[in-house]
Amino acid sequence: TGYSIVCEKCQYVKFYNVGEDDGNDNGEGGILSTNKFVIFKLCNSDDCSSGCKNDYAEYVVDMETYVAALIEMKQESVENTCNTCQENCQVDDDTPNYSVKCQSCMDRCDRYDALEENGYGDASQYTACAAVGNDDDADAYYTGAYCSDDGSQISIGVFTDEYCSNSVSSKDAATVLGLTALSDHILSATYSSECISCLQEVEDGEDEADDYEPETAETCQNLYDAAGKCETPTGFSGGYLSYYSSQASNEEDVCTFISSLDSGTYDQTGDIVIGEGGVKTISGKSNTATSAQSLFLAVLILSTMGLAGYAAMLHDEISGGKSDGSSKGEGFGTYA
70 TGYSIVCEKC QYVKFYNVGE DDGNDNGEGG ILSTNKFVIF KLCNSDDCSS GCKNDYAEYV
130 VDMETYVAAL IEMKQESVEN TCNTCQENCQ VDDDTPNYSV KCQSCMDRCD RYDALEENGY
190 GDASQYTACA AVGNDDDADA YYTGAYCSDD GSQISIGVFT DEYCSNSVSS KDAATVLGLT
250 ALSDHILSAT YSSECISCLQ EVEDGEDEAD DYEPETAETC QNLYDAAGKC ETPTGFSGGY
310 LSYYSSQASN EEDVCTFISS LDSGTYDQTG DIVIGEGGVK TISGKSNTAT SAQSLFLAVL
370 ILSTMGLAGY AAMLHDEISG GKSDGSSKGE GFGTYA
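Residue numbers in the sequence shown follow the numbering used here, run continuously in steps of one, and reach 405 at the last position.
If you're looking for bench data, these hints aren't it; they were derived computationally from the structure.
These figures come from a predicted structure and were not determined experimentally.
Hints are not guaranteed to be accurate.
[Claimed, not checked] Listed below are the simulated DSSO-like cross-link pairs for lysine-lysine, each with C-alpha atoms no more than 30 Å apart in a straight line:
(1) 122 - 78
(2) 122 - 240
(3) 240 - 143
[To be verified] Distance windows between CB atoms, simulated:
(4) 209 - 301: 45 to 53 Å
(5) 181 - 119: 29 to 37 Å
(6) 311 - 183: 43 to 51 Å
Glycine included, each C-beta is placed from N, C-alpha and C at the ideal position.
Kindly generate the complete structure, drawing on both the sequences and the hints.
Okay, here's the thing in structure tokens:
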């Protein structure tokens, strides 16, 4: 309960997706699928605001899960804040409390409640990739969440495909949606560098009761469960990695993967960077693998797998055994 979430960055990664259709296809009919990740830290809340240098750990999770969790936490926080403001500041219609603190919170809550009335949209409601306009419209677009080039922000963009992979930078999401503008009051929680406490919020005064015991917010716990964990290298004292046997055995792989996401191994589109030392994604300059190079790598990998299978079959035949062509193993495929 004494820990807070801090977002580090979002990052796209392209994986080979031969013979699979899991909904992550890049929409180009190729063999690469674009996966979206977020790296975040859990930091001791007492040290979080000073740089999160002690008692922390790093995690990686798919962007969709992270965005949904942080939006839910922020919505609960806004609701609790506005309820408390209403109770403490608006005693009745005739005698409102117009103190500076009350006026400030009432103005913020009133503006948020009036978004739709004033022609604005809540950006957090448009994170899922969805079609805009009629299906028969040749110029129909899709809107959804995307990661900025430097990985520091998650925004709502316009795309030409159902997977929200091919962006249309010349189009504004609010305009396409028929709105005056999009408010990121809630969505900003998904990329904020500020510390977001995992302590379950309670109603005003509830934490002063004699039997009060602090609890971890359910949304924060679910995010922890879903994420790949890298806790041992930093000596993190607040984790429960030992309770996740599969993840514990793969922790080194998770840490390596997080490092690759954070070090410039991939460019803004998720392509592997070709060149010594990689690049910094914020620079916008990269030497990426071409389509031909990607295809060559795919063919090389598949050929190697085929030769390995053939060698195994020959070995079984020579030793007088049988091979049913199947194998069992456990790999780094899921984080949960």
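Hint-by-hint comparison with the structure:
no. : hint                  : result
1   : 122 - 78              : 17 Å, holds
2   : 122 - 240             : 40 Å, violated
3   : 240 - 143             : 28 Å, holds
4   : 209 - 301: 45 to 53 Å : 49 Å, holds
5   : 181 - 119: 29 to 37 Å : 31 Å, holds
6   : 311 - 183: 43 to 51 Å : 49 Å, holds
Hint check: a violation occurs at hint 2 only; the rest are consistent with the structure.
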